[in-house]
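Top line first, the protein sequences correspond to chains A and B.
Using the numbering used here, you'd call the opening residue of the first sequence number 99 and step up by one each time.
Using the numbering used here, you'd call the opening residue of the second sequence number 99 and step up by one each time.
Check each hint, because a few of them may be wrong.
Remember, identical chains collapse to one label, so a pair may be satisfied in a single copy or spanning two.
Heads up, simulated DSSO-like pairs for lysine-lysine below, C-alpha to C-alpha not over 27 angstroms straight-line [what the hints assert, rightly or not]:
(1) K206 / K116
(2) K185 / K101
(3) K244 / K101
(4) K185 / K303
(5) K217 / K338
It is worth saying that the hints were derived from the structure and are not from the lab.
Spelled out, the chains give:
There are 2 protein chains.
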Amino acid sequence: MIKFPDRIKKLRELLDKKGYNSILISNNYNRRYLSGFTGSAGFLLITNNRSLLFTDFRYTEQAALQATGFEIIRIQNPTNWISENIKTLDINSIAFESDDLTVNSLEKIKQQIKQSKLKISLEPTVGLISNIREIKSHNELTILKKTIQISDEAFEAVSENIIPGNSEENIAWEFEKKVRELGGEAISFDTIVASGPNAARPHHKASETLVKKGETIVFDCGARYKGYCSDLTRTIILGKPDNFTRKIYEIVLAAQETAIALIESGMTGNDCDAISRSIINKAGYEESFGHSLGHGVGLEVHELPFLGNKSQNIIEDEMVFTIEPGIYIEGWGGVRIEDIVVMKNGKPKILSNATKIRY
Amino acid sequence: MIKFPDRIKKLRELLDKKGYNSILISNNYNRRYLSGFTGSAGFLLITNNRSLLFTDFRYTEQAALQATGFEIIRIQNPTNWISENIKTLDINSIAFESDDLTVNSLEKIKQQIKQSKLKISLEPTVGLISNIREIKSHNELTILKKTIQISDEAFEAVSENIIPGNSEENIAWEFEKKVRELGGEAISFDTIVASGPNAARPHHKASETLVKKGETIVFDCGARYKGYCSDLTRTIILGKPDNFTRKIYEIVLAAQETAIALIESGMTGNDCDAISRSIINKAGYEESFGHSLGHGVGLEVHELPFLGNKSQNIIEDEMVFTIEPGIYIEGWGGVRIEDIVVMKNGKPKILSNATKIRY
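If we strip away everything but chain A, and leave its shape as in the complex, we get (with noise of 0.2 angstroms):
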């Protein structure tokens, strides 16, 4: 059982923090973290003592299943639902979520409080929600585990059987076909199958280049499951490689590998990157890790906390990130190896369990 309660406590001790004495959620992924409804439209309104969902028609009677602990108030008038209902709240401030809530929507909100006669100030924040997120439960933890044993099994079944000649597309889709059966939602984002030259592109989408012998394949796929993703890269090798591509791939796996050794709770996520970013760079090949290490996994494929040059996050106990170096060398290709690790006891345990090269 999700404990959307705690969450809520958890919120409110932050919004006591900052003096704000209520916040409006605008963001898909964070209305769903705190009251448990999937609609794709709403929001909650989160005071000291209350929690309401506002939601139109078609969710209502969604919402009133899922969102147990909620308020379920339906939008009638765009114009008046806010000014109609704060009136018997008693809050001085909301807070809103200003990297999601769009100018438009903020001057309606305004419009309203304006008509309302009350004296209420919108506060602006980053991340509160998101800083809440970044901390797995248990519970959260079992299903991101099921969801990474799907993407796990799908990954194995198609990779075994690919053959030179067959499309990238259609490799993508087998996986994806494969997620499916084994009981994912989806899959957590549009599958990359990169091979040859095209793997010199971090993000190429599987297209309908055919697979061939000796090239690097990046296989860059996730499952979503009960809402939650998984995120997994392997990179694929037709027949034997030649020495260079060897040597590439040495290189990004031990830079993975060394990460996954010395990563350790207390570092940023700068500390992280240059674990790997190091090897690659005495390696010589500084220009060609064009990307960050990882971030972190959960309702969102990509989430706090945020593993890269300049990142301040702190890493902790019970996240849950990627941890995914690699090399793209442009008209060669590229190679990346990724796990999803958790943080336990300080250090990183991988979840992951999908097979990698290993010469």
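Using the hints, position chain B against chain A.
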């Protein structure tokens, strides 16, 4: 060939009319519509004589391939990408999409402009590009027809094999697989298969519920092809319907076909909606048609024009939209019938070909 210069020309005329001499585009669909760039992050900045596309390292190569009419600028530093570049543009106002840009992004852009020491005003706009997108070109229509054909075929293939005891979610998954096999990029929204009492909720997702004989099954589905969406609803009944079911079905069918027969260019969205609504009201189901008659379809599955109670959108030739009345009865179920039409010579022309039940 999509004619991006024509689109930019229309936008510039519109900007000129409004008195702005540039616009910052942040909305994903609008960015794609105006530039051809399909990446998930980036901004367009379009002035009277320049077209810039800003994106990060992940997408610069792709942007250069896709958005050939744009100068591609890699965002290196999130705090000065605008201030570094606007100096050369000779502008004194930047319109922005206030229903897309977040409060926080606007704040950062303001800081950059302040930093640049230029006198440039920021002007909120809503719906400028949506208004251009309402009218479909010949090329867009060709793509839409293909998308519609994919969902029609997938629907036919799946619906003729449904038997009592199939689960809603399995039916939905069969549809999705078929769409992909037929060349669709994806489904355009989560497929709705709502049987029996579930069909009383217009936005019920496909669940584990098993479909039964005699019940109505609302099957609402769509495909995506080259970015464009289709949207089709049929109501299926396995075996013989009872008289009540047949009656409700006939009312909805009459409401839909009458709207298709009577809608004309020059009507408002409200006029169109009223045609179906009056038929349903007269039949005594005034409370049971709880959504709008239809919506435009294009790069988004819901876009302008909006055909609903109070909508003042004017219907014009070359608009593409759905006509989808429904009746929903708590505890019993629902019926909805939906086709996509294009306005030609003042009248709707049906684009969907999937079989409807006829008694």
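Okay, the hints, checked on the actual structure:
1. Proximity of K206 to K116 under the C-alpha cut-off of 27 angstroms is found in both arrangements, the shortest distances being 25 angstroms within a copy and 22 angstroms between copies.
2. Taking the shortest Cα distances, K185 and K101 never come within 27 angstroms of each other, neither inside one copy (29 angstroms) nor across copies (52 angstroms).
3. In this homomeric assembly, K244 and K101 come within 27 angstroms of each other (Cα to Cα) only inside a single copy, at 19 angstroms, whereas the closest approach across copies is 47 angstroms.
4. In this assembly of identical chains, K185 and K303 lie within 27 angstroms of each other by CA distance neither inside one copy nor across copies; the values are 50 angstroms within and 35 angstroms between.
5. Proximity of K217 to K338 under the C-alpha cut-off of 27 angstroms is found in neither arrangement, the shortest distances being 72 angstroms within a copy and 61 angstroms between copies.
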